[in-house]
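Line order of the protein sequences matches chains A and B. Mapping of the first sequence onto our numbering: position 43 corresponds to residue 43, and the numbering continues sequentially without gaps. Mapping of the second sequence onto our numbering: position 115 corresponds to residue 115, and the numbering continues sequentially without gaps.
There's no promise every hint is true.
Claimed, not checked - Cut-off 35 Å, straight-line C-alpha distance, at most; resulting in silico cross-link-like pairs (DSBU-like, lysine-lysine):
no., chain 1, residue 1, chain 2, residue 2
1, A, LYS60, A, LYS174
2, B, LYS28, A, LYS41
3, A, LYS41, A, LYS174
4, B, LYS28, B, LYS51
5, A, LYS146, B, LYS51
6, A, LYS60, A, LYS146
Treat the hints as calculated values from the structure; they're not laboratory data.
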Amino acid sequence: MMRQQDAVGMTTFDTEVRLDLPARSSPRHFDEMMSHLEAIKPNRPTSLGATLHRLADRFKRRCLIILISDLYDNPEAVEPALHHFHYKRHEVIVFHVLDHAEITFPFRDTASFVDMETGERLQVDPAYVRDEYRRQLDAFIDRYRKICADCQFDYVLTDTSVPFDYMLSRYLEKRTRP
Amino acid sequence: MTFAAPLFLLAALAGMIPVFVHLIHRQKARVVHFSTLRFLRISVQRTRRRKYIEDMSLLAVRVAVLLLIALGLARPALSSLATLWGGGRSAAIAIVLDNSASMAVIDGGRPRFETARQAAEQVLARLRVGDQVALLPTGGPPGPELGRLFRTHETVQQALDQCRPSYERADLAAKLQQARDLLAQADAPSKEIYVLTDDQSLSWEGLKEPAQEDDPKQAKRPAPAPVVIVNVDREPAPNVALRLSPSPARHRSVAFPFRSPP
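With the hints as extra help, turn the sequences into a complete structure.
Below, the structure written as structure tokens:
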């Protein structure tokens, strides 16, 4: 996008906006974004709905917003925020990033699962919960897929086991198709 | 129920192995860092009951298998079906002790009465906590510990220790009826009468059969307690039990010391 002189900005957030680089198109700005991106250490819980609302208010000009997130927030809270982008006539592409283990839940032995955001522990026998877990996750994904469809946003489920460039090129190829 | 190799009952402790394995396994659960527990939490809540039932059933089966192996190794023996159905619950036992003059006869180097007393002690030793027992000597002075059912077996043991051969004739028929009446009042599911005697014919005179079931008035009464006649005479007379009842299964005559059936 920067090669075609489009201005690109970057915002990182958890419960609030942590980094906000305004949209520019210079190569130096690109380097700055990359260095910031590498320095990010995710370790806080997320408040996706409220933050997206604030961002939707801030973006005055119509723009393309690429949202990269695991979307682990209450869909009831996120849905109005995405509608807010739609109302402001922004175009949004949602990359829903999930770990391969989160999607397939391949665990066999009893394990103590630790929430990476809250540190909460839960001892689980995967054999018992696997089916129910997958049902819950599928319902969660379907919910976001439907919200995005309603807003006419692109929704891309992203498995971390698939190389990002491969996934992105496939998405762009699909997007350019008539 | 008796056990030929009771030491193997210690192997029943192996029944705790599945519990320990479960606890050890629980402690060694590996830690997995996961992005969110929200779906896992819901899944655990929804499957908790099923998992609990399955886990408990599996644990019960594993423990039961180990306990049954231990029980099998201990080689249990069941002397009668009554032991199986009623043996686990309390029993009421009446010991009719013949202490007539003939019991003072020295037979085989020891008085018959001592042999009878030893048999009575063996009966007492077989009792379990909660069992009721009564001692009914055929002669001698009456006492408050005689002719009554006690749960404190020591009381009966002390009464037995004080018993001596008398110079009276034994009326086993009357004592047997007294023992039947006594046990009829007891609410124990398992009842038995032991008659420890040298089996003199005179002692059985006037013996009445217990009420028969074909009598419509008696049909609803519980069956009379079975009688075990322990003959302490070294040269016993023909089987007295056959004279007692047309149903040999109801009474049995045994020699002392008691022996386990082959």
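(request) Given the hint that A:LYS60 pairs with A:LYS174, test it: the Cα-Cα distance must not exceed 35 Å. (result) 29 Å, holds
(request) Decide if the proposed pair is consistent with the structure: A:LYS60 and A:LYS146, CA atoms, cutoff 35 Å inclusive. (result) It holds: about 26 Å lies between the C-alpha atoms, which stays within 35 Å.
(request) Measure nothing beyond the straight line between the CA atoms of B:LYS28 and B:LYS51; if it is 35 Å or shorter, mark the hint as holding. (result) 19 Å, holds
(message) Between the alpha carbons of B:LYS28 and A:LYS41, is the straight-line distance 35 Å or under?
(response) 30 Å, holds
(request) Starting from A:LYS41, check that the Cα of A:LYS174 is at most 35 Å away, please. (result) With Cα atoms ~32 Å apart, A:LYS41 and A:LYS174 stay inside 35 Å; holds.
(message) Does B:LYS51 sit within 35 Å of A:LYS146, going by the straight-line distance between their CA atoms?
(response) OK: A:LYS146 and B:LYS51 at ~33 Å, within 35 Å.
Comparing the model with each earlier hint shows no violations; every hint is respected.
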